[in-house]
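Engineer: All chains should be modelled from the sequences, with the hints used to inform the complete structure.
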Amino acid sequence: MNVCLMLISASVASCCSPALAQTITVTTLEDTVDFAGTQRVGDLPGPDGRVSFREAVAAANNTSGPQTIAFAVPPSEFWLIADVGLLKLEQSPFFLNDPGTTVDFTTQTTSMGDTNPLGPEIGIYGLDPGSAGIAAIYVNADNCIVKGLGKVYQRGYAIRLVGNNNRVIACQISGPFNAAVHIGGYLGGPVPSGNIVGSTLPGEGNTLSGLIINGPADANIVIGNTVQGGVLVQGATQYGVPVRNNRIGGPTQAERNTISGNGYYGEEGFPVGAQISIIDADATVIEGNYIGTTSDGMSAKSPQIGPTGVEVRDSRNTTIRANLIAGLRVVGTNHYAGRVFGEAILVNAVNANSQGTVIQGNTI
Numbered sequence: 001m002n003v004c005l006m007l008i009s010a011s012v013a014s015c016c017s018p019a020l021a022q023t024i025t026v027t028t029l030e031d032t033v034d035f036a037g038t039q040r041v042g043d044l045p046g047p048d049g050r051v052s053f054r055e056a057v058a059a060a061n062n063t064s065g066p067q068t069i070a071f072a073v074p075p076s077e078f079w080l081i082a083d084v085g086l087l088k089l090e091q092s093p094f095f096l097n098d099p100g101t102t103v104d105f106t107t108q109t110t111s112m113g114d115t116n117p118l119g120p121e122i123g124i125y126g127l128d129p130g131s132a133g134i135a136a137i138y139v140n141a142d143n144c145i146v147k148g149l150g151k152v153y154q155r156g157y158a159i160r161l162v163g164n165n166n167r168v169i170a171c172q173i174s175g176p177f178n179a180a181v182h183i184g185g186y187l188g189g190p191v192p193s194g195n196i197v198g199s200t201l202p203g204e205g206n207t208l209s210g211l212i213i214n215g216p217a218d219a220n221i222v223i224g225n226t227v228q229g230g231v232l233v234q235g236a237t238q239y240g241v242p243v244r245n246n247r248i249g250g251p252t253q254a255e256r257n258t259i260s261g262n263g264y265y266g267e268e269g270f271p272v273g274a275q276i277s278i279i280d281a282d283a284t285v286i287e288g289n290y291i292g293t294t295s296d297g298m299s300a301k302s303p304q305i306g307p308t309g310v311e312v313r314d315s316r317n318t319t320i321r322a323n324l325i326a327g328l329r330v331v332g333t334n335h336y337a338g339r340v341f342g343e344a345i346l347v348n349a350v351n352a353n354s355q356g357t358v359i360q361g362n363t364i
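If you read the sequence shown in my numbering, its first letter stands for residue 1, the second for the next number, and so on.
Hints in this document: simulated from the structure, not taken from any laboratory. Only a predicted model underlies this, so the values are computations on that prediction, with no experimental measurement involved. Just so it is clear, CB atoms sit at the ideal spot from N, CA and C, and this is done for glycine as well. One or more hints might be untrue.
[What the hints assert, rightly or not] What follows is a list of derived Cβ distance ranges for each label pair: (1) G65 x N334: 55 to 61 Å; (2) T200 x P75: 32 to 38 Å; (3) N351 x P129: 34 to 40 Å; (4) S76 x L118: 17 to 23 Å; (5) G194 x R339: 40 to 46 Å.
Structural biologist: Next up, the structure:
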């Protein structure tokens, strides 16, 4: 009787225990899929003996439990850039749909060496015609991590966070047309919340060419990053698309973002652009950041063309607190040659009143 009970207990424990974490290793830059069956982890690799990133994502999506997608691509496959492996994106975007998936691009360095001392070894190149305005990677699931991604070309965004409680860490993303990271849900769908871009831990902050939070989005956090190309938080409340309770920075030094380098010369040499823009948003907190400066806060970012530090427009209950806002003295060109522009904080209204803005304890 005791033996039977032990066997039954062992069987129940085996059935009910969580699935073990699995690692899927990408070994080619090609955008191919040739594995069959249920297209789960156990079906890899296909007849070609290699695993593409698209195959790895499909296998993770189709296999229960947490998976880590790692990289060990032979440098002999690198193309276009000698020291960086650019994953070829020739079909639809890469969709992470399985919760708990980690995509760790830094494993390429561990497995194949530091071929690019200036940044990550793995990036993405969009070869899919007509898709330049969308993201390369969509994180539709919850509790996923994207770590260590590098350059991304021919896409509107590198990563779009649509699910909840996802992380983007240790990335150095340049190249996308619009922004490196985009947080925003699908119209009529669930509202992304609890996503964190960056970290307070050493080495886990990102260097990003722009970041956008579009509604619907609620309670997302951006901390510990260097953002060159500006941060935009924007809703559309008249269409039922809110963006609420998002935070850029925080009260500790480790949460500080350095946000600078955004802007351009507009018509006849008039400088245009803000480093942080809050438009039609509710309860946004901008705290403890260096805005318009270098990461040590001692010099203006060069080039610094956008003349505005923080713009608040048509928004409610925005808090701008304990930031260093400097380096925004911009000289016009062409017909505006010699004219000086610059404003630390601009509170504005175009389509609706900006109400409840708190500006407190900033160094300007």
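Engineer: Against this structure, judge whether each hint is valid.
Structural biologist: Comparing the hints with the structure gives:
For the pair G65 and N334, the beta carbons lie near 60 Å from each other, so the given range of 55 to 61 Å is met. Checked against the given bound of 32 to 38 Å, the beta carbons of T200 and P75, roughly 33 Å apart, stay inside it. For N351 and P129, the hinted distance range of 34 to 40 Å is satisfied, since their beta carbons lie about 36 Å from each other. Between S76 and L118 the Cβ separation comes to about 21 Å, which falls inside the hinted range of 17 to 23 Å.
A C-beta distance of roughly 45 Å is found between G194 and R339, which places it inside the suggested range of 40 to 46 Å.
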